[in-house]
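Hints are included, so try docking the two chains, each in its own frame, into the full complex.
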Amino acid sequence: MRPATLRAWSRIHTWSSLVCTGFLLLLCVTGLPLIFHHEIDALLGDHPVPAALPADAPRASLDRLADSAMARRPGEVVQYVIWDPDEPDLVWFSLAPAPTSPPEALQGLWLDARTAEVLKEPDLRSGFMYWMLRLHVDLFAGLPGKLFLGAMGLLFAAAIVSGVVLYGPFMRRLEFGTIRASRRSRRLHWLDLHNLLGVVTVVWALVVGITGVVNTLAELILEAWRRDQLAELVAPWQGLPPVAAPPGTLERAVAAARTAAPGHEPAFVAYPQTPFSSGHHYAVYLRGSTPLTRRLLIPALVEAESGVLTALRPVPWYGTALQLSQPLHFGDYGGLPLKVIWALLDLATIAVLASGPVLWVRRRRGARRAPRAAAGHAGQAAR
Amino acid sequence: MSRVWDMPALLGGLSAIGLAAALLGDGPWDAVAWVTLGLPVAVMARHLLWRRRAPQRRVATR
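So the protein lines, in turn, are chains Z and B.
In terms of the numbering used here, the first sequence opens at residue 1 and continues consecutively.
In terms of the numbering used here, the second sequence opens at residue 1 and continues consecutively.
Next up, chain B with everything else stripped away, as it sits in the complex (with noise of 0.2 Å):
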């Protein structure tokens, strides 16, 4: 179960702290929620624009 959702965890925290971030504070606090949010949109990007030649199969890591 693990390794399956260690960045969508990740990601999903982020953006939970982004979201909360902008509505507490402005100036910085802004900021952190551009940083947190603009994150997984990267993480989105970076696998739709460079595709890695993945393995279909992972060796099973148990």
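Okay, chain Z solo, but in the shape it has when bound (with noise of 0.2 Å):
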């Protein structure tokens, strides 16, 4: 590589990378408890233990369901009704206001699917969890605050790939893994270290960055998507005033769908009004069964008032793209071990991204004590 072009990368590498790394150690310290976020709420008691029924025990209506989670909350309406695959005697009620109030508004129930008890109401909005998650996502301030970390996902991104480009310089003259331990300079320490564990979790680190960057899309996507396929498949019911879910019609709405989709689950619905639904619908979002499919989610439209299924088309592909970079991201699709791995990887990027300003600082303090030695140091990997 001609000195000019290497100077180029190593100008690249260090400057987004000194813009994204605080930014990035944040993420990484934050994303280290979100990773066990379910054992951590099991451990913490905030998750229900459903009673122990025998286990052909009939499921309640989710009529009933739904009428014991509004007694629950006098005044609210439901506007999503979630289901967690790997807790099948368990349904997740979201209620707010109005069927139009903003996600800050909405308070959740666990409930028994079986005997439609009110087992839980947590407290979603306080807690060691809640401000990881808040930190994680959007800084506390909502789109504006998701897309600035997205941005700084995407300098995440170009601080890998010209660290890529310049392994190659530096190792060299290197065998694989070397860790240089030498008294004069603490830096090449550093920089061994840096170069190691970087190019060891380099595809890892490049997929839940950009991973990352498409989950930070997702209200932008969900838009998109409403306006490019959901208008369409609505358009007779343009112009008509929105309604409200008719009382005792949910049962009715999701029987619809799943008759629709043969060996398909539902894996949430949005009532009428809501983001995820027309003003008209219920939207029935349907899981396959394959590992793979199951995370491919399929809206059904039912017309709330006849309980008439009016759609069902998979989503579009940047919602295919959404859907496969969340387990991508989160590391949730493996079982324990594969969260543990998660960790770990997570735990040598920290250490990746901290000796990233080190090494700079490292290097201006050694170019000022002693231009020659400096330049020197710039030039080994150029030659």
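Be aware that a few hints might be false.
Unchecked claim - One side only, chain Z facing chain B, incomplete, derived with CB under 7 Å:
#1 Phe176
#2 Leu196
#3 Val199
#4 Val200
#5 Tyr333
#6 Gly334
#7 Gly335
#8 Ile341
#9 Leu344
Said to hold, decoys possible - Here are the computed distance ranges between Cβ atoms for each label pair:
#10 B:Leu48 - Z:Leu336: 20 to 28 Å
#11 Z:Leu336 - B:Leu49: 19 to 27 Å
#12 B:Ala16 - Z:Asp86: 20 to 28 Å
#13 Z:Leu53 - B:Ala16: 37 to 45 Å
#14 Z:Ala151 - B:Asp6: 31 to 39 Å
#15 Z:Leu25 - B:Ile17: 23 to 31 Å
#16 Z:Ala42 - B:Leu48: 28 to 36 Å
#17 Z:Pro102 - B:Asp6: 51 to 59 Å
#18 B:Ala20 - Z:Arg172: 30 to 38 Å
#19 Z:Arg313 - B:Asp6: 42 to 50 Å
If you're looking for bench data, these hints aren't it; they were derived computationally from the structure.
These numbers come from a predicted model, not from an experiment.
Glycine included, each C-beta is placed from N, C-alpha and C at the ideal position.
Written as structure tokens, this is what we have:
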């Protein structure tokens, strides 16, 4: 590589990483407990334990569950119903003062799917995990915060790519994995550490980084789907005043969706007028039964007033990209061992991030003290 | 170029296989992911914990 080309890549690496390192450290540190959020919630007692009933105990009708949820929070309406595939005996209901209330107004309830009993009303907006989540997702700044972190993620990707380009010239005369422990230069020690951990984690870090960026676009992707697909699917209702879901119609809507898509189970239901549906439909999001199609939800639109299924159309490519980006970012798709590996790779990434500024400061300090020696350092890779 | 990239390419390839495997299946597919993504972690641990007193410069291979 020509020295000038190398210097250009070096500059890209230095500045893309200097800008994003602080935020990426925050993301890696807050992300660490989030990997284990399910286990931590269970440990803190924030997760309900359903009553021990026989395995074939009949399920309560969804309308009874909805009534039970609304009785718990009088004056509120259901916006979403969510099933956790790992918790077949539980159903999650999200309620808010109105069908159009913003997400900040949502309050969730865990219900027993068999008894329709409200088991838990967790406090969603306080506590350690809530802080971790908000700092990780949007810095308490809503969509602008998400997009900002997404931009930091893109810089992180640029830092990774330029780091890979620099790895070759730097390692030309070194055995893979060498960590020099010379008294003369702590900097070489940090550099070797940075290079080893950086190059070993590179594929994982790039995948988790890019999928994180895609996740920051979730709201924009939903809005694109609404304009591009949903608007077309509900064109016949255009101009009609939106409706509230008539009482006692949830079970019927979910049944219609299941009949239309055999082999699928409901993942969640969005009530009429919520961002995930139209003003006149329940949107029943169905998951497949194979490990891959379990992640790829298909929305079924069921007219709330008639209970008739009016559309069943898979989401377009950008929706698929978002749905695949979630497991690849969270690391929650291969059991506890995968989560542990995720955490270890996260710790290695923290070490790479933290050693970056150390190297930069030491190089600058070295350059001030002994310009000639520093010039030698910079040239070392170019040779 | 080649020797420098042998190990990184191998570990990168294994990581990619692992990331995809757990997505495509359960059971044995998950186990494939644990091994292929666990190997890079093991390699890091090996070099951090057992530092060889390696010569600083390798004899030129060309």
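**Violated hints - listed by number, lowest first** = Violated hints: none at all, because every hint is consistent with the structure.
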